[in-house]
Amino acid sequence: MKFFDLLVKHFSTFTSAMLVTIEVTIMSLILATILGVVFCMFKLSKSRILQTLANFYISIIRGTPLIVQIFFIYFGLPMALGFRWSLMTACVVIMSLNAGAYMTELIRGGIEAIDKGQMEAARSLGLSYAQAMRKIVLPQAFRTMLPSIINQFIVTLKDTSLLSIISLRELTQNTKIIVANNMEAFIMYGTVGLYYWLIVSILSEIAKMIERRTTYGK
Amino acid sequence: MASKIIVKNLNKSFGKLEVLKDVSTEIEEGEVVVVVGPSGSGKSTFLRCLNSLEEINGGTIIVDGYNLTDKKIDINKVRRNIGMVFQHFNLFPHKTVKQNVMLAPLTLKIMDKTEASKKADEMLRQVGLSDKANVYPAQLSGGQKQRVAIARSLAMNPDVMLFDEPTSALDPEMVGEVLNVMKDLVRMGMTMVVVTHEMGFAREVGDRILFMDGGYIVEEGTPDQILNHPREPRTIDFLSKVL
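So the protein sequences, as listed, match chains F and E. Throughout the first sequence, residue numbering follows the working numbering, covering -11 to 206 in sequence. Throughout the second sequence, residue numbering follows the working numbering, covering 299 to 541 in sequence.
What the hints contain is simulated information worked out from the structure, not anything from laboratory work. Check the hints yourself; a few may be wrong.
[Stated by the list, open to error] Straight-line alpha carbon distances no greater than 30 Å define the calculated DSS-like cross-link-like pairs of lysine-lysine that follow:
hint, chain 1, residue 1, chain 2, residue 2
1, E, Lys375, F, Lys104
2, E, Lys319, E, Lys369
3, F, Lys104, E, Lys430
[To be verified] Covered, in the sense of this in silico footprint (three residues per stretch, anywhere, with C-beta under 8 Å from a C-beta of chain F), are these stretches of chain E:
hint, segment
4, 376 to 389
5, 401 to 410
6, 445 to 455
[To be verified] Where chain E lies over chain F, by a calculated footprint (3+ residues, C-beta under 8 Å):
hint, segment
7, 102 to 108
8, 130 to 139
None of these values were measured; they are calculated from a predicted model. Each residue gets a CB set at the ideal place from its N, CA and C atoms; glycine is no exception.
I would like the entire structure built from these sequences, with the hints used as guidance.
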C-alpha cells in the first residue's frame, strides 16, 4: 500500500521534525511563563509606567498577526540593529514573546479569580505580600489557570507551524519539502495533520488527569 | 490598666464616601468590646482599620504601643500579635485543617515543625476539632470552619483578637458552637473587639458596647447601660428593631 510505504519511508524525518516542533514549543512556553509572571507583576504593581509597559506589550502582540511578528523579528530586527541570530533562537524568541502576552492575561485572570479574603487572611496572620502570594494565592491561582495554560500550550504548538514560513524544519516545513519532491499532497498533509492531532490529544488527556488530581477534598 | 488599642480621630473614606468620622476610643488590656450598629454604619471598616487591612485617611491608631500610621513600623510584625476572624472564614482551601493552623508560625519561622505541630494540636483541641486535623476545609460545616479560623489565629499567640461578624454567615444551629469558643477566650482574659449582631453574646460577656451609626460612635457603655437604658434616639431605634 502506497500510504504505508510513504509513512515508513518518511518516518525518520517526521520524527525529527516533530522533535523540533516540541522543542520550540516547550522552550517558548517556559520563557513565556516567565514573561507572563513578570508582566503580570507589572500589571498588578502600583507603578503607572510598568502598567503601561505591560499593557502596550500585550496590545501589540494581540493586535498584530503572528506571521507579521515572525517577519518583523526574524528579518526586520537584525537588519535594523545589525546583528545575526540563528534560526532556532529567533523562532524561540518569537514564540515566547507571542505566548508571553497571552500568558500574562491568563496569570492575571487566575490571580484575580482568587477571593480577596485569602490575601487578607494571610496578611492578617502577619505574612508579607510576597509570602501571601507565594504560599496562598499563587498555588490556588495555578490550579484555576491550569486548563488555560494547557490550552495555551496547544495553541502555541499549532502556531509553530507558521515558522515554516522562515524555513524552520518543524513538522509543517518538513512536509512541504517532502510534497515538493513526491507531489503526494493529500497523503503527506493528512499525515502531518495526524501528528499534530495526536500530540494535542495526548496533551488534553494529561490536562484532564492533572485537573482531577488537584481537587482538594471535594 | 494599660490601653491596648488607642484610636484618635480616625477618619476613613472610600472615594467620596466618608465611612468613619472622627472615631476615638480606647480599649484596655483584657477588655471585651462589642461593636454593634446597622449595616453600613462603619463598624466592620473600624475593625479592619485596627490591623491596617484598611488604609486610614486621618487620625492615629496605636496598637500594643505601635503607631499604625507611622510608615516606619513593620506592619507584618504588628499583625502577628493581632488575630483576626472573618465573616466568611477565609480558610486556605488547598491546605488541610492542621496545615491551615501551622502555616503562619512556620512561614514566619516563629516555630519549627515539631513546635508548630504541637501548637496546632493544642489549638484544635481547644476549639474541639482534634478529629478534623487532616481533612480539607471543604469537608467542614460552617461552624467548624469558623472554629478552625479561630484556632489558626490563636496559633500565633496573639494578644488581641478581632472578630468581624464571626457568626453572620452561619446557619442558626451552628452559631452556638462558635460563640462558646469565643466565650472560652473571654474567660482566658483575651483582649477582644467583636463586631456582631448577637446581642445575647454582647450582654453576657461584653465589658463595653460601642453603638455605631453613620460613621460615628453614637453611644458607648456597659451592656446594661446600652441595652437596658440607651439614651440616644438612634440607639433606641436600632435596639427596638433587633432585640
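Each hint tested on the structure:
| no. | hint | result |
| --- | --- | --- |
| 1 | Lys375(E) / Lys104(F) | 21 Å, holds |
| 2 | Lys319(E) / Lys369(E) | 22 Å, holds |
| 3 | Lys104(F) / Lys430(E) | 26 Å, holds |
| 4 | 376 to 389 | holds (count 9) |
| 5 | 401 to 410 | holds (count 4) |
| 6 | 445 to 455 | holds (count 4) |
| 7 | 102 to 108 | holds (count 4) |
| 8 | 130 to 139 | violated (count 1) |
In summary, the structure is inconsistent with hint 8 from the numbered list given earlier, while agreeing with all the others.
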